[in-house]
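Chain B: place on chain A using the hints.
Protein chains in written order, with my numbering: chain A, 1 to 316; chain B, 317 to 574.
A hint or two may mislead.
[To be verified] To be clear about the criterion: a stretch of chain B counts as covered by chain A if any three or more of its residues have a C-beta under 8 Å from a C-beta of chain A, and this derived list gives those stretches:
hint : stretch
1    : 373-385
2    : 408-416
[Claimed, not checked] Now the stretches of chain A that chain B is said to cover, found in silico as 3 or more residues with beta-carbon under 8 Å:
hint : stretch
3    : 46-58
4    : 74-80
5    : 186-200
Source of the hints: derived by calculation from the structure; they are not laboratory data. Treat the numbers as computed from the prediction; the structure is a model and nothing was measured. Ideal Cβ placement from N, Cα and C applies to all residues, glycine included.
Here is how the chains run, residue by residue.
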Amino acid sequence: MIEVDHLSKSFGGRPAVSDVSFRVEKGEILGFLGPNGAGKTTTMRILTCYMPATSGTARVAGHDVFTESLQVRRRVGYLPESPPLYDEMTVRSYLDFAARIKEVPSRQIRSRIDAVAAQCGIKDVLHRVVGHLSRGYRQRVGLAQALIHDPPILILDEPTVGLDPAQIVEIRQVIKSLGGERTIIFSTHILPEVTATCTNVVIINYGRAVIAGPLSQLAAGGGSGQKLHVQVARDGEAVAQELGAMAGVTSVGRDGARPGAYTLAVEPSADLKEMIARRVVERGWGLLEMTPVTPSLEDIYLSLTGGAGDQRDPAA
Amino acid sequence: MRNILAIMRRELKSYFVSPMAYIVLTFFLFIVGYFFLALVFSYSEASMRVAANPMWANQLNLHDIVIRNFYSTFGVIMLFVAPILSMRILAEEKRLGTAELLLTAPITTSQLVLGKYLGAFLFGALMLLLTFQYPLYLLFTGAALEMAPLLAVYLGTLLMVGAFLAVGLFSSSLSSNQIVAAIVAFVVCLFFWVVGFLGDVGGGGAGYSDLLKAVSISEHYEDFLKGVIDTRSVVYYLAFIFFGLFLTSRVIDSARWR
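So that you can see chain A by itself, here it is in the shape it has in the complex (with noise of 0.2 Å):
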């Protein structure tokens, strides 16, 4: 659905995107994480013919986005960083009129600004005033407007930044939800996200993909494994001896100046949980706590930048 072939953008002499590939399959939930600064944006700009790119190509839905410009535009909805409404529009002559510039036919106008508000939750508030609606409010005129013309690919940039804890669970649901039918490709830089929605993942850092795969791929740590959080309550040299030979658990560290606590690197399964626990159990230390530590997205990030280097997967 999406072809992404080494994409440059640069901005006066200053790269912002370098030799960026990737693929997105249809129906795919592409998360494009990274710091702010990576390149998000003005990739995603680009993808949305907003701005041409300096080198390389990328093809949407089978049309270049720079010789076939408005056949890309027919099939995106976007929602840049800052929700493009007009404050002293209602939101619903708002979305009429983004329905009109997207070539809605003038007869399915009204039905398909009904959908979109059911759809992001916004029926409540059509008939009030942009500029007066809340900012979570204000991300899903923002979003209903991306979607107006039932596009078959969706841009989303940071569609979750600045809401609170429980909008961006709403959100995320709603993204979620249009997943399956659609393609999608949204930014951010919080890694759960990811986890929490999408299917597939880039990695951008200084411009550059740093791993573009399947979200399981990632989760693999690049061969690095899992973490487990172990307290016991009766510590002593056995217990880092004895965890540390288990089959499975690749090392053991200690974790912090507490006693007891320890970090323990294993290989991703279930069944090595519960052994350790037994264990445990079994000779007595006292299992107080066991959690499996995610990673955050500065350790996955560090370990594949400083592990795999320049990786790229173009079968992703």
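Frame of chain A, contents of chain B only:
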């Protein structure tokens, strides 16, 4: 075509949902109303004098004294009002980020520019339409107002307002700051307004002064005010507008590349 109309409608509406349209129209109608009254008074004074001295009767012309002076003033007022009407059009879109909606929608740059321009132009046309009440008052009083020259005045004024707004749209595309856009529009319009006066001052030979007059907005407007529809003037204004819109779409396109 539909998306041009959609953009035009939104643009026109946006004048009326902000206080701008009402402020501009109120002051505008106050000023032109005052001028109309003053001109009618001066005409009636002149008629008194003519009544005492019938030999001057053929010099007394309602069109020349009232209509011509009135729309000449209208032109000067539009020189100030047009930049205010047009400053927001594109500058605001850039500042609010709504440009991103317009530039990623399936519309071409020319459609966008045309829609935006027509929205502003219709508002300018509305202002002109509102002044049509004054000739109507004259007609109600049974004054001998000739319709053909009046038509020429309206055509000329419409074209001139169109030219001002084309300059305004262009300068609005240059900046995301409305004030800068208004000032640039005003300076450019003023230049084209006064450049004909330089021709009157002379110097640089007859060809030079003819050239200055030929590019002047006010010189061409004079023709229409006299009640003359000169094809050259019509072409001048249409070319002026086309060039303004063309430059605007070039600016928008080139901004994408940066």
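Coverage criterion applied to the stretch 46-58 of chain A (partner chain B; beta-carbon cut 8 Å; 3 residues): holds (count 5)
Check of the stretch 408-416 of chain B against chain A for coverage (Cβ-Cβ below 8 Å, three residues minimum): With 5 residues close enough to chain A, the hint holds.
Three-residue Cβ test at 8 Å for the coverage of the stretch 186-200 of chain A by chain B: Our answer is that it is violated, as 0 residues pass the Cβ test (under 8 Å) against chain B, missing three.
Check of the stretch 74-80 of chain A against chain B for coverage (Cβ-Cβ below 8 Å, three residues minimum): The restraint on the stretch 74-80 of chain A holds, since 4 of its residues have a Cβ under 8 Å from chain B and three suffice.
Coverage assertion for the stretch 373-385 of chain B with respect to chain A, Cβ distance below 8 Å, three residues required: violated (count 0)
The structure fails hints 1, 5 (numbered hints given earlier, in ascending order).
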